[in-house]
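K.L.:
Need the complex rebuilt from these two chains, each delivered in its own frame; the hints are there to steer you.
These protein sequence lines map, in sequence, to chains A and B.
According to this note's numbering, the first sequence is numbered sequentially starting from 7.
According to this note's numbering, the second sequence is numbered sequentially starting from 5.
Source of the hints: derived by calculation from the structure; they are not laboratory data.
Any given hint might turn out to be false.
To be verified - Dumping the calculated EDC-like pairs for lysine to aspartate or glutamate here, alpha-carbon to alpha-carbon at most 20 Å:
1) B:K12 to A:D296
2) B:K12 to A:E291
3) B:K12 to A:D288
Unchecked claim - Covered stretches of chain A (chain B as the covering partner; in silico rule of three or more C-beta atoms under 8 Å from a C-beta of chain B):
4) 273–282
5) 327–341
Said to hold, decoys possible - Just a few of them, taken from the derived set where beta-carbon distance is under 7 Å, the chain B residues facing chain A:
6) T49
7) V82
8) L264
Source: prediction; values computed, not measured.
For each residue, glycine too, the CB sits at the ideal point set by N, CA and C.
Here is what each chain is made of, one letter per residue.
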Amino acid sequence: MAGAGIQWVAPGAVTGAGASGDAEGDAQGDAPGGDAPGGDAPGGRPRGIPVEGALCAPVRAPVGDSGLAACGIASSVGGMSTAVAQSASHMTPGAVPPHPSGHNYARRYWMFAAPAALVVAAVIVFPWIFTFYMSVHDWKVSGSTPFVGLANYAKMLTDERFLWAIVRTLVFTAASVIAPLVLGVWAAVTFAANFRGRGLARTVFVLPMMATPVAISLVWTMMFHPQLGVLNYLLSLIGLPPFAWVYDSTTVIPTLVMVETWQWTPLVMLIVLGGIASLPTDPYEAAILDGATAWQMFRHITLPLAWPFIVVAAVIRMIDALKAFDTIYVITLGGPGTSSETLNILLYQTAFAYYDLGYGSAMVVVFFVLILLISMVLLHVCQKQVMS
Amino acid sequence: MRRGRLGKIASQAGLYVSALILVTPALSFFLWMLSLAFKNEADNTDYPPVFIPNPPTLANFIDVFEKNDFLAYTINSVIVSFSATGLALLLGVPAGYGIAKAKATKAAVLILIARVTPGLSYLIPLFLLFQWLGLIGTLTPLIITHLVITVPIVVWIMIGFFEGLPGELEEAALVDGANIWQAFRYVAMPLARPGITVAMILAFIFSWNNFIFGVVLAGRSTRTLPVAVYNVLTFEQISWGPLAAAALVVTAPVLLLTLLMQKEIVAGLTAGGVKGG
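Chain B with its partners taken away, still in its complex shape (with noise of 0.2 Å):
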């Protein structure tokens, strides 16, 4: 009994040690990263380095707001994003819910074929297509191929979710004389909802985080964000400061999406290591 508990204490401290040294890494990086930002362009430069901005500043902030056009560039990453994971759930929602009632695990591979292809293969067809569109410089081909990001990851998770529904309740809906859109739309959907969360929140997190589509379709004006803070990067390379105000700008609401809804996330990703691009 006695060993029994002591074996339970230095069990639980050895939990926390293990938990304190796998944590350090990400918590340190992400605390630094907010040092950078609030401290003035002197303490940023300065060596050795100060850990703690005294007196915080928003200077940093203001400057790529102002400088940078940053509000247009967000604006930019909330419509492309948006956009693109609405129409992936009008899309993937109904999609998954077909391929789990027909057991087409065919459909699944090719989500899963998505999956493996790189980002680039991509591009070099769509970047032609959209060229011989007339679409490069809008904001339409930035959606289009988010898609390419969104529409699995929707797809992938619905189906499991689906498949994990029970089965019963769109029957008796069926036998009463509901047709299968019906038996979709009120019985299946609505149980799902969960499901449609958890698709949703990390569609959009990997759509507003994407950098590659970017890059090379949008035109000055059509920058996304992560676009964007690259190309600050580029033009003011020693300015410390802003350049890290302008990461976090763009990280925070992914990273606030992520504390506030850690919970659907983990389950999320937990289903089959989802990712974009």
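Just chain A, same shape as in the assembly (with noise of 0.2 Å):
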């Protein structure tokens, strides 16, 4: 890890997130692909990070954001210039540090960030603060546009297009988190072992997620006809009925799931399959001596101690499932009637063909603290199994 040696700082996050990185980074090397050398993977961090550093973050805001400013600055004048002075008196014997203006160093690698962060706050910070504010106001394209108070907000209670969609999304979201988790951990766990053929298999495994969504929408679509329809062929080939698909109201939102089911397993498999891969190898061994089955391993060994990664990628599926939108809006646009019309199909079609922008900005404010709420709650529910 950077600031080799010197763990100062870290609001406590970040420093479980290093001990853990660290360990990946080595395993990196053989273990996810014999075909992927150390260097081209990213160090353990990123992977790290999610886990226990930035995806908690926001949850233990308080201590991390409090603490930051304060120590953010003063550590890192600590630990530059004990870094400089460390490296200093290895290559150079008994040197004086050289930089006395060492204590300037964070503000300056701010400038790096600067440019960056002026684009973020315009096409990022500004839209949250503008959404707010139209929120508040009756804002059609035309005209005038009233401030309103919480009317937008009011609205909503009693607005039942509104709230089915909330239940729809709800549904919608359990279901796309529990198949791909599950289907997510076998494959992390088939693909973590050594097989011939494994890097292939993985990478046409990980294609539907590569792959532009409307694209394979449209497949979809014509796989589902209801007459012409490959699916229904291959369901008559064992025996069964003609399925409704997505022609149906009560089919529809199954059938979004499995879509969306094939379409983000492999970013479960892949975010879970880096965890597996940073792990120990001896519980392993040792349960091997002791004569333990494939899935006793899986059970005592493989999930607690990936568990933290399939957290994470719970947690990252949700909020992908929630905020699902090209392939709800190809295959069905919200149909048929409004049985598959979930929270992000409404809003756009209040925003961009009713063109109520001040309701739909409601709308986004609520569907963000949802999104919000949402992961909090789980994280929190996860972090405390872990514990226990």
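P.N.:
Next comes the structure, spelled out in structure tokens:
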């Protein structure tokens, strides 16, 4: 890890990530690929950080943030000059620490981030603020935009279409987290093992999540065709009656969940695979000596040790499922009727089909809060489970 | 001993079966996509379905490019994705370095929240802004909004990468009198080249795949490929061959890139579930 050996500051959260990150960094070289030279894989930290660091940070914000302003600067003063001093004395013994102005480094490093910060402010932070501003106005595309206070928010409470969209979104999300998670862990365990052709198989398995969503949605749509679709033909081959797929209000959500699962199980697999690759090998060796079965090893070694990664995968999957748009929009446009209209689709219709930007913005705010809340709850619950 | 070897063979076989089951849905899907794109119209609407194009035809692709002006849309997509990726690298690589060196966890959290926010929520304000600036109907709004996808990906991957690099070399450069810009430009950046490659590939792919921004912001002549393909659907609902061909044209570059750069892509995606939009 950078800043070698000087494990200073690290506002709580990050320290843990650093530790686990190191382990991964070592494992990466040989594990996920005999084909992946260690240098090509980004160091352990990016995988570490979502686990104990960044994703927790919003939860533990009070600790991390208040600590940051104070110790961030103070410690980088200490850290940096110590580092310089160390390396200096290492190479030229007895040399005086050459940077008396070393304490400015932290601030100067910010200059590197300044241009990006400006752009992020313009295209990311500005929209957040402006969305909130619009949400308290009656904002149609043309005409005046009077301030209406919380009227847009109040409207949601009695808007049945909106409330149903929330219910549908939650159902869709729950199913689209559980199915990919189960399959993804299975896939990760499979692809973590050594067998010939693993690299190719893994790449093919990853293709659905890389392919253009619109393109795959179109092909799925053709496959769902009630008379000519290949799926119903395949069902008929094994003696099953034709299925309605996306053409019936009771089967449309399960069908979309199937597409979502097909598309995003690979991401779960990759995250969990990264976790499994970082696990120590000695528990397995001991278990083999004791004559443990593959299932026992999975249940009592892999699952508990890789659990933090599974939690991260679950949270990421959940966020993406809540936000799912492309596939639903292309395949059903929220239909038949409104039976697959999730929050994101309704949001789109409200803002860009009915041009009710004020109401749409209020929905965005609620949607955003919903996403944050659910991710925090999920993280909290799963972390407790790790403790116990 | 003998039991161990038998067990080993059994578990190898189990692995192959397991891998086969896992790969089948993806493999058969893409094969079917190829089959649809290379069959003539009669075969495509035949029942029971024809699986292997006989003879394979390029008519669908010719149809797509002649009738739908796909060349122009391809150029749009190339301009938008390359610009958005290039700008993101220009901004994001130094930013990742700065954040990693300054240990600015707060900035990383901001990036994370950007990852959580639904893409649509950027669109309402930006749509109004671009309308007000009179930019709707040009490619500029698309390039700018695609930065919403590419910048966080690049910054996120680069933070991780720079934190993983040993700091000693830059420190040595600083001791030798280089300023921090030089230490970054001539020491850290060359070392981080593999990370930059990963960031570039992923930013490009997720920008290329983006649909939602184009649907709202693109005019008739500024459509990107995903939007153009979606419009093929709405105009010619029954002709499957051209539709599949169009879908293949859009996604083929991404699939090829994935197959060629699988090592980098797997490394990058394992790095914390990057995904755009």
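K.L.:
For the pair supplied as a hint, K12 (chain B) and D288 (chain A), is the alpha-carbon distance within the 20 Å limit?
P.N.:
The hint holds at about 19 Å.
K.L.:
Does E291 (chain A) sit within 20 Å of K12 (chain B), going by the straight-line distance between their CA atoms?
P.N.:
holds (15 Å)
K.L.:
With a cut-off of 7 Å on the beta carbons, see whether V82 (chain B) makes it to chain A.
P.N.:
Because about 14 Å separates V82 (chain B) from the closest Cβ in chain A, which is outside the 7 Å limit, the hint is violated.
K.L.:
Mind checking, does the segment 273–282 of chain A have 3 or more residues with a CB under 8 Å from chain B?
P.N.:
holds (count 5)
K.L.:
Does L264 (chain B) meet its interface restraint, that is, does its C-beta lie within less than 7 Å of any C-beta in chain A?
P.N.:
Result: violated, 10 Å to nearest chain A Cβ.
K.L.:
Taking only the CA atoms, is the gap from K12 (chain B) to D296 (chain A) under or equal to 20 Å?
P.N.:
This hinted pair holds, its Cα atoms lying about 16 Å apart.
K.L.:
Taking 7 Å as the limit, does the beta-carbon of T49 (chain B) come near enough to a beta-carbon in chain A?
P.N.:
OK, holds: T49 (chain B) within 7 Å of chain A, min 6 Å.
K.L.:
Is the listed coverage of the segment 327–341 of chain A by chain B valid when you require three or more residues with a beta carbon under 8 Å from a beta carbon of that chain?
P.N.:
Contact hint for the segment 327–341 of chain A vs chain B: holds, 6 residues under 8 Å.
Checked against the numbered hints listed earlier, the structure breaks hints 7 and 8; every other hint is satisfied.
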